[in-house]
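So the sequence lines, in the order shown, correspond to chains B and F.
Just so you know, we're using my numbering here: the first sequence kicks off at 181 and counts up by one.
Just so you know, we're using my numbering here: the second sequence kicks off at 181 and counts up by one.
No wet-lab data here; the hints were simulated from the structure.
Treat the hints with care, as some may be off.
Using 30 Å as the maximum straight-line C-alpha spacing, the simulated BS3-like pairs for lysine-lysine come out as follows [claimed, not checked]:
#, chain 1, residue 1, chain 2, residue 2
1, F, 305, B, 314
2, B, 225, F, 305
3, F, 305, B, 305
4, B, 422, B, 411
Okay, the calculated beta carbon distance ranges per label pair [claimed, not checked]:
#, chain 1, residue 1, chain 2, residue 2, range
5, B, 260, F, 418, 51 to 61 Å
6, F, 306, B, 263, 51 to 61 Å
7, B, 382, F, 320, 44 to 54 Å
8, B, 382, F, 254, 22 to 32 Å
9, F, 189, B, 417, 48 to 58 Å
Keep in mind it's a predicted model, so treat the numbers as computed, not measured.
We put the beta carbon where it would ideally sit given N, CA and C, even for glycine.
There are 2 protein chains.
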Amino acid sequence: MGNIKLSEISTRAPKEFDKSATKEKSAAIIKELDDLQNLLYAEGKHSILVVIQGMDASGKDGVIRNVMGNMNPQGVNVKSYKAPTPEELAHDFLWRIHHYAPQKGMIQIFNRSHYEDILITRVHKWCDDETARKRMNAINDFEQLLINHNNTHILKFYLHVSPEEQQERLTERLSDPAKMWKYNEKDFEEAKLWDIYMEMYEDCFNNCNNPEWTIVPADQNWYKEYTIASKLSDLLKSLDMKFPGLKK
Amino acid sequence: MGNIKLSEISTRAPKEFDKSATKEKSAAIIKELDDLQNLLYAEGKHSILVVIQGMDASGKDGVIRNVMGNMNPQGVNVKSYKAPTPEELAHDFLWRIHHYAPQKGMIQIFNRSHYEDILITRVHKWCDDETARKRMNAINDFEQLLINHNNTHILKFYLHVSPEEQQERLTERLSDPAKMWKYNEKDFEEAKLWDIYMEMYEDCFNNCNNPEWTIVPADQNWYKEYTIASKLSDLLKSLDMKFPGLKK
């Protein structure tokens with residue numbers, strides 16, 4: 181049990197970070213990620229699961245494109261979870277998740293995830309508190325399964341934007357021809373549920389925090405991308421990977 | 181924790197069971213199973229998982245053919261687990277299992293299962309005791325996931341044959357043209373490991389017994405089939421199923 185209060189965490193970069201210096205650092209890290217991922221794939225001992233959650237327009241797609249997009253796609257899969265299909269709903273809520281758990285050597289990105297089953301579902305009261313508690317326990321067990329039984333390292337990121345920044349980005353989708361395809365009038369309806377979403381996110385962080393969530397200040401894309409690239413790079417470097425020798 | 185001792189459980193039918201009377205009863209139950217399965221499918225509320233384990237030649241294929249073979253194949257899936265593929269081995273051991281977890285309305289049969297990961301693997305020392313303990317915990321969590329989150333009812337059967345009966349059946353495969361396709365010279369090598377297999381099975385039953393295993397005396401096919409058909413029928417009847425009305 182943690183005690184994360186989102187209202188006490190800034191959605192902006194700490195003052196000591198300079199935008200252009202940080203962008204340069206990110207570029208260097210992202211370049212390195214390509215080699216690190218290649219080694220991960222060659223060695224085939226570890227697997228990586230990156231869970232990305234956040235409100236609409238918090239920048240999930242952008243992170244995947246800008247931070248993950250430089251690695252070899254053969255070793256990186258992205259699964260974007262939408263509303264469950266009838267087939268998926270006819271199974272337990274982790275069934276469709278487990279199917280995309282990463283093989284050894286692979287990096288799997290989840291754009292939204294099993295966490296929606298204790299977030300949007302609770303906000304709309306499709307899932308009561310008792311069921312949510314059971315799901316949290318099941319999620320914790322499931323993540324331990326991946327960790328203990330397939331050497332999976334899980335990074336969980338919450339893209340923390342302010343409601344003002346979200347409104348600005350959603351409105352931009354109405355006028356920017358390159359972003360109009362993302363426009364969905366329902367997003368404005370969802371945005372009205374901000375406070376209850378924050379409450380459910382906090383409950384989720386406080387009950388499913390092993391491995392820990394990273395709350396990523398996300399009002400500025402450059403800082404958000406730096407944070408996520410660094411975390412992934414630090415993890416890969418910590419694995420003490422080696423190229424395997426000739427197979428016998 | 182249970183305390184099942186296989187050597188204290190008979191591999192033969194209790195004396196009060198008459199072969200031809202029991203066969204008649206089985207035929208009636210198996211006929212009824214067809215209607216019960218149809219109702220299960222129509223209602224779409226429950227799912228059934230039947231796990232069948234047993235030594236080579238204990239009669240797993242026969243049960244599936246004779247007891248399950250009368251139901252509508254659209255509502256009954258059989259998955260036979262063999263040695264894992266490289267793709268499967270690159271995941272946690274429950275990944276390939278979860279994929280075949282039954283949808284609501286379905287009966288899923290596992291011919292061998294996740295239990296092999298704490299049976300043959302331990303016998304051959306591919307899995308040490310500490311890993312086996314962790315796997316047992318993961319199996320227990322996994323079965324609870326299916327039970328709690330998809331209304332899955334799990335029946336676990338161990339087909340309990342004597343080593344003498346097994347030898348007879350394996351030898352028969354050498355001479356019966358209809359059974360030769362099942363012959364595998366390695367089965368005789370495995371049979372030599374009988375005592376250690378029994379020890380690992382007992383450890384499995386005693387640590388993964390929620391839901392409970394049914395130890396099925398299996399030297400006589402007629403009694404084995406009666407036991408399994410009855411258990412499945414009793415379960416389906418206990419579900420208080422109803423045909424759903426018109427969809428609104």
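Q.
Under the constraints set out in the numbered hints, which ones does this structure not fulfil?
A. 1, 3, 5, 6, 7 and 8
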